[in-house]
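Fit chain B to the known structure of chain A by using the hints.
2 protein chains.
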Amino acid sequence: MSPPIYGKVALIGLGLIASSMALAMRRGGLAGEVVGTDHTPETRRVAAELGYCDEIVETARQAVEGADLVVLCVPVGAMGALAADIGPHLKPGSTLSDVGSVKGAVVQAVGPHVPADVHFIPGHPVAGTEHSGPRSGFAELFDNRWCLLITPQDGSGAEAGADMGLGTGDRDADDAALARLRALWEGMGANVETMDADRHDLVLAVTSHAPHLIAYTMVGVADDLRRVTDSEVIKYSAAGFRDFTRIAASDPTMWRDVFLSNKDATLEILGRFTEELFALQRAIRQGDGAHLHDYFTRTRAIRRGIIDAGQDTDAPNFGRASGRAPR
Amino acid sequence: MSPPIYGKVALIGLGLIASSMALAMRRGGLAGEVVGTDHTPETRRVAAELGYCDEIVETARQAVEGADLVVLCVPVGAMGALAADIGPHLKPGSTLSDVGSVKGAVVQAVGPHVPADVHFIPGHPVAGTEHSGPRSGFAELFDNRWCLLITPQDGSGAEAGADMGLGTGDRDADDAALARLRALWEGMGANVETMDADRHDLVLAVTSHAPHLIAYTMVGVADDLRRVTDSEVIKYSAAGFRDFTRIAASDPTMWRDVFLSNKDATLEILGRFTEELFALQRAIRQGDGAHLHDYFTRTRAIRRGIIDAGQDTDAPNFGRASGRAPR
Chain A
0 MSPPIYGKVA LIGLGLIASS MALAMRRGGL AGEVVGTDHT PETRRVAAEL GYCDEIVETA
60 RQAVEGADLV VLCVPVGAMG ALAADIGPHL KPGSTLSDVG SVKGAVVQAV GPHVPADVHF
120 IPGHPVAGTE HSGPRSGFAE LFDNRWCLLI TPQDGSGAEA GADMGLGTGD RDADDAALAR
180 LRALWEGMGA NVETMDADRH DLVLAVTSHA PHLIAYTMVG VADDLRRVTD SEVIKYSAAG
240 FRDFTRIAAS DPTMWRDVFL SNKDATLEIL GRFTEELFAL QRAIRQGDGA HLHDYFTRTR
300 AIRRGIIDAG QDTDAPNFGR ASGRAPR
Chain B
0 MSPPIYGKVA LIGLGLIASS MALAMRRGGL AGEVVGTDHT PETRRVAAEL GYCDEIVETA
60 RQAVEGADLV VLCVPVGAMG ALAADIGPHL KPGSTLSDVG SVKGAVVQAV GPHVPADVHF
120 IPGHPVAGTE HSGPRSGFAE LFDNRWCLLI TPQDGSGAEA GADMGLGTGD RDADDAALAR
180 LRALWEGMGA NVETMDADRH DLVLAVTSHA PHLIAYTMVG VADDLRRVTD SEVIKYSAAG
240 FRDFTRIAAS DPTMWRDVFL SNKDATLEIL GRFTEELFAL QRAIRQGDGA HLHDYFTRTR
300 AIRRGIIDAG QDTDAPNFGR ASGRAPR
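Chains as they are written, first to last, in numbering that gives the first Met the number 0: chain A, 0 to 326; chain B, 0 to 326.
Any given hint might turn out to be false.
Heads up, the list lumps identical chains together, so a pair's fine if it works in one copy or across two of them.
Claimed, not checked - SDA-like, lysine to any residue: derived pairs with alpha carbons at most 20 angstroms apart:
#, residue 1, residue 2
1, Lys-262, Arg-226
2, Lys-262, Asp-195
3, Lys-262, Gly-79
4, Lys-262, Arg-281
5, Lys-262, Gly-286
6, Lys-262, Pro-87
7, Lys-90, Arg-281
8, Lys-262, Arg-43
9, Lys-262, Arg-284
10, Lys-262, Thr-273
11, Lys-262, Phe-277
12, Lys-90, Glu-185
13, Lys-262, Ala-289
14, Lys-262, Gln-285
15, Lys-90, Asp-169
16, Lys-90, Gly-304
17, Lys-262, Val-227
18, Lys-90, Ala-178
19, Lys-262, His-292
20, Lys-90, Ala-282
21, Lys-90, Gly-103
22, Lys-262, Val-191
23, Lys-262, Leu-224
Everything labelled a hint here was simulated from the structure, so no lab data went into it.
Only chain A is shown next, with the shape it has when bound in the complex (with noise of 0.2 angstroms):
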């Protein structure tokens, strides 16, 4: 096995994504040493006890110290406030990336408390599950998902992103601190793409954030109607809204900071949608059946892309218990 990647790593917020990190990076031999963290006294007691990372601490500034890598695990709403909390105490020549599902927020809110000497590279990994906490995690979440690097925006340069408080203005260094974060993340088993935060925000929020809030509306919906008992939406939920509900079940917490700090772009699609159902909701109340039938097979190449490039299995039911592969 080659060597680490890192010598010391520290996950700060310890939820799906940072114990999967934790597997994930043990199963790669790829930190000397993993140290975790969390504000919440059981999280850290239950991640002790499963053993995930070498070692639990009580606060942030213990687990940043001598850190080659750190990674904030937090929802970005509380990005802003540990970052100012641990900034002064991060390691010289170390790199300071996050998690979170929001980069423009992240930037502004983390990128002034890191000092010059620090790399800060933000990240997306771009997979996830209903499920959260401490014991949510697993070492195959990140496989063939695509991780997220946030980088200056082209032409830019190094020194307008050191202004961002992205890198540190001596562009070979940062070069390197990019290049051996992005060999953590595939050893993790995740592909690599770069690009700069107003895109990242731009692009989840077609393929995310809008989703997500158009679930939870559903759910929320069905959950409303008297008219329709719970148990009659529970059992016949195989017809559709089934999948809707596992998106709606994401974290909470973590999808209220998602939607205020990528506020604009997430309205901008929303609305988009709102124009298109209606002129769908037209073509129904209209009985303009070609319109549908056209949209419906639109819709459908994209699906195919979806398979085609991996991201999904064609598998009935997504190989659910009950189904097998088409002959």
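Quick look at chain B alone, frame taken from chain A:
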């Protein structure tokens, strides 16, 4: 093995549901003989080659000759004309059923063509995949899924039912016919429930029709946005969008007919959905985190109910390739 439930069963329209029914009936030894037909020659050819029916014939009239059970497995919009064609050829005392996703429109379109001595019991197996066509069936499709059989409204009695073409007016014979069809679906692995057509259409508007339209819309929006490329949408789909694309890949003709024939209930639920979505959008715009957090916490509970009811798995990624059960 017990004797077959029906002597001869005719399946008209050989897509996902009919091919799965043929395989499930064969698995359970539920029919003496299964005859299939489809108006498309290529579909008949494929079905004959795969051999899941005992016989493939060219016309619906040929298929229903002497059949003890006839099941219409064509899009809802095609059922009226089909019923007019085969009605006079149905065997006295036999049962006519269907598998359409909408029931009020089927009762209206088919009912008038059902002879008085034939039992008309509309049905809807709440199960499906994103695949369609004569190659897509598998015997396990209905295992542990619900099948809804439509009976006249409570209190309206057998005679009112007979007016709608539901039942022959002979209550004992109608009860026996219903029990027999129920036994067939149970033999194919399903749980069976009865309800009237209006209730069916309202419940399914919530659990299936509105979610499908919403998923189609979201996928269409992503496809329309020129600023986010198709390849970005596809790569990062695992973040939520992916599950929408599965729903939005279902058969376009079937879904066009569903929306056109369950117009009122679908539009009503979509109206409620839009209202709720606007409230959440306003909460985002105003930065009302408490409202969002409360809402997202509530929707989590419904998910738990679905897993407890055995209608889904809580394995990460639904057990997709890269996931395993959490510890």
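A quick look at each hint next to the structure:
1. Lys-262 with Arg-226: between (34 angstroms within a copy, 18 angstroms between copies)
2. Lys-262 with Asp-195: Within one copy only: 17 angstroms inside a chain, 44 angstroms across chains, cut-off 20 angstroms.
3. Lys-262 with Gly-79: Result: close within a single copy only, 17 angstroms intra versus 49 angstroms inter.
4. Lys-262 with Arg-281: Result: close only across copies, 11 angstroms inter versus 28 angstroms intra.
5. Lys-262 with Gly-286: between (36 angstroms within a copy, 9 angstroms between copies)
6. Lys-262 with Pro-87: Result: close neither inside a copy nor across copies, 30 angstroms intra and 62 angstroms inter.
7. Lys-90 with Arg-281: For Lys-90 and Arg-281, neither the intra-copy (60 angstroms) nor the inter-copy (43 angstroms) Cα distance is at most 20 angstroms.
8. Lys-262 with Arg-43: Classified as neither: same-chain Cα gap 32 angstroms, cross-chain 53 angstroms, threshold 20 angstroms.
9. Lys-262 with Arg-284: between (32 angstroms within a copy, 7 angstroms between copies)
10. Lys-262 with Thr-273: Result: close both inside a copy and across copies, 16 angstroms intra and 19 angstroms inter.
11. Lys-262 with Phe-277: between (22 angstroms within a copy, 14 angstroms between copies)
12. Lys-90 with Glu-185: So Lys-90 and Glu-185 fail the 20 angstroms test inside a copy (24 angstroms) and across (66 angstroms) alike.
13. Lys-262 with Ala-289: between (35 angstroms within a copy, 15 angstroms between copies)
14. Lys-262 with Gln-285: For Lys-262 and Gln-285, the Cα distance is within 20 angstroms only across copies (10 angstroms; inside one copy 34 angstroms).
15. Lys-90 with Asp-169: For Lys-90 and Asp-169, the Cα distance is within 20 angstroms only inside one copy (17 angstroms; across copies 86 angstroms).
16. Lys-90 with Gly-304: neither (44 angstroms within a copy, 47 angstroms between copies)
17. Lys-262 with Val-227: between (33 angstroms within a copy, 17 angstroms between copies)
18. Lys-90 with Ala-178: within (19 angstroms within a copy, 75 angstroms between copies)
19. Lys-262 with His-292: between (33 angstroms within a copy, 15 angstroms between copies)
20. Lys-90 with Ala-282: neither (61 angstroms within a copy, 40 angstroms between copies)
21. Lys-90 with Gly-103: neither (24 angstroms within a copy, 69 angstroms between copies)
22. Lys-262 with Val-191: neither (26 angstroms within a copy, 45 angstroms between copies)
23. Lys-262 with Leu-224: between (28 angstroms within a copy, 18 angstroms between copies)
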